[in-house]
Each structure stands twice: as structure tokens, then as C-alpha cells.
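Protein chains: 2
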Amino acid sequence: MGDERDVGPAVRRRLIYQLKHSLLRLEELHAAHLEGSGVTARELGALLLLADREPESQQQAALRLGVDRTSMVALLDGLEAKAFVVRRPDPADRRRNVVELTDAGRATLDVATRASDEAERELLADLDPPDAALLRELLGRLVIGSGGG
Amino acid sequence: MGDERDVGPAVRRRLIYQLKHSLLRLEELHAAHLEGSGVTARELGALLLLADREPESQQQAALRLGVDRTSMVALLDGLEAKAFVVRRPDPADRRRNVVELTDAGRATLDVATRASDEAERELLADLDPPDAALLRELLGRLVIGSGGG
DNA sequence: CTAGATCGTCAGCGCTACTGATGATTAGCG
DNA sequence: CGCTAATCATCAGTAGCGCTGACGATCTAG
Numbered sequence: 001m002g003d004e005r006d007v008g009p010a011v012r013r014r015l016i017y018q019l020k021h022s023l024l025r026l027e028e029l030h031a032a033h034l035e036g037s038g039v040t041a042r043e044l045g046a047l048l049l050l051a052d053r054e055p056e057s058q059q060q061a062a063l064r065l066g067v068d069r070t071s072m073v074a075l076l077d078g079l080e081a082k083a084f085v086v087r088r089p090d091p092a093d094r095r096r097n098v099v100e101l102t103d104a105g106r107a108t109l110d111v112a113t114r115a116s117d118e119a120e121r122e123l124l125a126d127l128d129p130p131d132a133a134l135l136r137e138l139l140g141r142l143v144i145g146s147g148g149g
Numbered sequence: 001m002g003d004e005r006d007v008g009p010a011v012r013r014r015l016i017y018q019l020k021h022s023l024l025r026l027e028e029l030h031a032a033h034l035e036g037s038g039v040t041a042r043e044l045g046a047l048l049l050l051a052d053r054e055p056e057s058q059q060q061a062a063l064r065l066g067v068d069r070t071s072m073v074a075l076l077d078g079l080e081a082k083a084f085v086v087r088r089p090d091p092a093d094r095r096r097n098v099v100e101l102t103d104a105g106r107a108t109l110d111v112a113t114r115a116s117d118e119a120e121r122e123l124l125a126d127l128d129p130p131d132a133a134l135l136r137e138l139l140g141r142l143v144i145g146s147g148g149g
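As you go down the protein sequences, you meet chains A and B in turn. According to the numbering used here, the first sequence is numbered sequentially starting from 1. According to the numbering used here, the second sequence is numbered sequentially starting from 1.
Hints were generated in silico from the structure; no laboratory data involved. All values derive from a computational prediction rather than experimental measurement. It is possible that some hints are incorrect.
[Unchecked claim] When the alpha-carbon atoms are kept at most 25 Å apart in a straight line, the in silico DMTMM-like pairs for lysine to aspartate or glutamate are as follows:
no., chain 1, residue 1, chain 2, residue 2
1, A, 82, A, 118
2, B, 20, A, 137
3, B, 20, A, 90
4, B, 20, A, 131
5, B, 20, A, 117
6, B, 20, A, 118
7, B, 20, A, 6
8, B, 20, A, 128
9, B, 82, B, 122
10, B, 20, A, 27
11, B, 20, A, 126
12, B, 20, A, 110
13, B, 20, B, 118
14, B, 20, B, 6
15, B, 82, B, 110
16, B, 20, A, 56
17, B, 20, B, 90
18, B, 82, B, 54
19, B, 20, A, 122
20, B, 20, A, 93
21, B, 20, A, 103
22, B, 20, B, 126
23, A, 82, A, 128
24, B, 82, B, 6
25, B, 20, A, 35
26, A, 82, A, 6
27, B, 20, A, 28
28, B, 20, B, 103
29, B, 20, B, 68
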């Protein structure tokens, strides 16, 4: 889809257009660079989340990732089938599942993170390094600010 | 969905996470502010595109909008049912449809554009005006740069 | 021990992207 | 002019993802 989206200024200036198409392009770049890594961008997000902090429950993890709780089931099914994570019932509360990264999961996370770095770099290739850093910082502030509801 | 996405830095620093969640939030804001305007954010995009420049064909318009060509059919069906656009066969090439805004479409576009402005303002509320302008400018450059394929 | 809440899971709906087909139309080429 | 290939809008079918509502298992409150 990385085509001639020559849309005129009234569309191009819309923030929603800019965000949507930047994301679309970044997703394409991720798909390209993650090919062969064994995970999708979505799964990479889950691995990152688990590495960052073990969540209390699948639903907590889903909430944090912005993934639907019912989609989290299939997402973890896939990661578990590839032996990147393990689901065990929480001994303290056996309704819950404790999800843990395996060694293979950690290794894949390393590879996939580097691929993601490269995808980001390509997306930002048209910006000077200082501008790229600035964009990251501004977006970061946006995301943090939105957490407060 | 504007909840406690307390995801640890390794996730929060990912550009794909920042873009996805900014977009998600902006889409929620659009849904809220466009309620009662008669169009969705998706339809607003189509109206903007048509106002900006009459496209040579539906497929060109779809390509520009980043919408699938087959989804464009339903999108225009909806807009036509609401009498915001008119589809006529192109006299010069009767395979094509010329899509035109109606007066009602233009009026709705005005209202919806203002609602979108407000949604954008809310998204950027955590940034100083100069920072907000900077973010817009950087994203704009990103989108233009990606056009080159 | 009972009633209500929570967790993971599943089934079903809606929206969208994508592929592939169809009929109508146009363009290329002799 | 006729014939073939390409293009356009449309439709059917598939797949992914968010969302709702349900279920059994489990925990908590009383």
C-alpha cells in the first residue's frame, strides 16, 4: 500500500490522516523486517510487555496492550504454540493465568526488537536525527498524557 | 478504551505503540465530536478528499485515502444514501464514476471539519501550542516523505 | 454454604482489508 | 472494422480484530 497518496492539503493536514498513514507505513515496515523472526508486530508488543513486567492476569496485559481481552486468548495461543511463552495457573488465584517468557521467547524478543528498531529508523529516514528524536519525545508525551483519561 | 495503559518503558518507547495509541485516542475523540454530524471520521476523510480535488475514479480516491477499493464502494454507498455525494458515470470514460459533493455534503463537511478540529485540539491538549505545531509539522513531513515509496 | 464477582474461554456480530470473479467499457493492434 | 487485453465498479468469500454475551471454574463476602 505504500503508494501515491497525493491527497491535497485539506486531507494531508488532518492529524488523523497523518497518524493513520504513519502507522500504516510503520506496520508495513514491521511486517517486512519481522519476516522470518517468527513473530508479528502484535506479538512483539506482547513479548515486550511480558519482558517489561509480568502482568497479574491476561486481562491486565490485554488492557495495557490495548488489545481486546478475547483477542488476547488467541494471541497467547499463538505465542504458546511457538513456545515463546508459557501459561500456568496462578497458584494464589487459580482463575488467573501467569504468563511467562521462555528462553526462546526472550531470544526472539531480542531479534524482533532489533527488527523493530530498523523499521522505525526507516520510517523516520526523512527526518534529521534531532527532529526524529523530537517527534518521539512529543509522541511519548501525548501517550503519557492520554493515560490520565 | 482510554484506560490505565501502564505499560513500562520498553513498550511505551516503541514508535508503533505511540502511533497506534495516539490514533486510537484521536479516533475516539472524533467519534465523540462527530456524533450528530451525520458522518464518521472515515466519511469525513472521503468528503475532504472530494472537496480538495475531484478524483479521476473511485479507485484513485480509495488509493489516496488509504481505503481498499472494494471498501470504497460501501463508503460511497453510505454517503450517497445520505445525499452528501452523487455518483455519475464519467462521460469521457463510462467505466468510471465521477463522484461529486452535493450542497448538503459541503455543509456537512463544514460542520464535521470543525468537529475534527476540536478532536485534534483535545488530543494535543497536553502539549504547548508551539509543541503541538511542531508535532504536526514533523508528522506532515513524515507523510509527505513516505509518498515517494 | 450460598450469592455475587472475576477469570479465561468460546460463539457470534460488525467492520475492514484483501483476493478473485463478473459485466461493462475502453485501448491497442492489425 | 474486429479481436484481445486492460481497466473500472461491483460483488462474493475469506480473514483479522474489536466487542458483547454467555459459560464453567474459581474466589470473596456474608
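Results for each hint:
This hinted pair checks out: residue 82 of chain A and residue 118 of chain A have alpha carbons roughly 24 Å apart, not beyond 25 Å. At roughly 15 Å between alpha-carbon atoms, residue 20 of chain B and residue 137 of chain A fall within 25 Å of each other, so this suggested pair holds. Taking the CA atoms of residue 20 of chain B and residue 90 of chain A, the gap is about 31 Å. The hint is violated against a cut of 25 Å. Distance check on the hinted pair: residue 20 of chain B and residue 131 of chain A sit about 20 Å apart at the alpha-carbon level, within 25 Å; holds.
Straight-line distance between C-alpha atoms of residue 20 of chain B and residue 117 of chain A comes to about 16 Å, which keeps the hinted pair within the 25 Å bound. The hinted pair formed by residue 20 of chain B and residue 118 of chain A meets the criterion: a straight-line CA distance of about 18 Å does not exceed 25 Å. For the hint linking residue 20 of chain B to residue 6 of chain A, the alpha-carbon distance of about 23 Å falls within 25 Å, and the restraint holds. At roughly 23 Å between alpha-carbon atoms, residue 20 of chain B and residue 128 of chain A fall within 25 Å of each other, so this suggested pair holds.
The hinted pair formed by residue 82 of chain B and residue 122 of chain B fails the criterion: a straight-line CA distance of about 28 Å is larger than 25 Å. Note on residue 20 of chain B and residue 27 of chain A: the hinted pairing holds, with a Cα-Cα distance of about 10 Å set against a maximum of 25 Å. The suggested pairing of residue 20 of chain B with residue 126 of chain A holds, with an alpha-carbon distance near 20 Å, which does not exceed 25 Å. Distance hint between residue 20 of chain B and residue 110 of chain A is fulfilled; the C-alpha atoms sit about 22 Å from each other, no more than 25 Å.
A threshold of 25 Å between alpha carbons decides the hint, and for residue 20 of chain B with residue 118 of chain B the separation of about 20 Å falls inside it, so the pair holds. Proposed proximity of residue 20 of chain B and residue 6 of chain B is supported: the alpha carbons are some 15 Å apart, at most 25 Å. Taking the CA atoms of residue 82 of chain B and residue 110 of chain B, the gap is about 16 Å. The hint holds against a cut of 25 Å. Of the supplied pair hints, the one linking residue 20 of chain B and residue 56 of chain A holds, its CA atoms being roughly 24 Å apart against a limit of 25 Å.
Of the pairs offered as hints, the one joining residue 20 of chain B and residue 90 of chain B is violated, with about 38 Å between alpha carbons and a cut-off of 25 Å exceeded. Note on residue 82 of chain B and residue 54 of chain B: the hinted pairing holds, with a Cα-Cα distance of about 19 Å set against a maximum of 25 Å. With a C-alpha separation of about 17 Å, the suggested pair residue 20 of chain B and residue 122 of chain A falls inside the 25 Å cut-off, and the hint holds. Restraint check: the Cα-Cα separation between residue 20 of chain B and residue 93 of chain A comes to about 33 Å, which exceeds 25 Å; the hinted pair is violated.
Between the alpha carbons of residue 20 of chain B and residue 103 of chain A the distance comes to roughly 28 Å, so the proposed pair goes past 25 Å and is violated. Of the supplied pair hints, the one linking residue 20 of chain B and residue 126 of chain B holds, its CA atoms being roughly 18 Å apart against a limit of 25 Å. For a cut-off of 25 Å, the pair hint linking residue 82 of chain A to residue 128 of chain A is broken: about 39 Å separates their Cα positions. A C-alpha spacing of about 42 Å is found between residue 82 of chain B and residue 6 of chain B, which places the hinted pair above 25 Å, so the restraint is violated.
In summary, the hint linking residue 20 of chain B to residue 35 of chain A is supported, as the alpha carbons are separated by about 20 Å, within the 25 Å threshold. For a cut-off of 25 Å, the pair hint linking residue 82 of chain A to residue 6 of chain A is broken: about 41 Å separates their Cα positions. For the hint linking residue 20 of chain B to residue 28 of chain A, the alpha-carbon distance of about 13 Å falls within 25 Å, and the restraint holds. A C-alpha spacing of about 35 Å is found between residue 20 of chain B and residue 103 of chain B, which places the hinted pair above 25 Å, so the restraint is violated.
Restraint check for residue 20 of chain B and residue 68 of chain B: the C-alpha separation of about 20 Å stays at or below 25 Å, so the hint holds.
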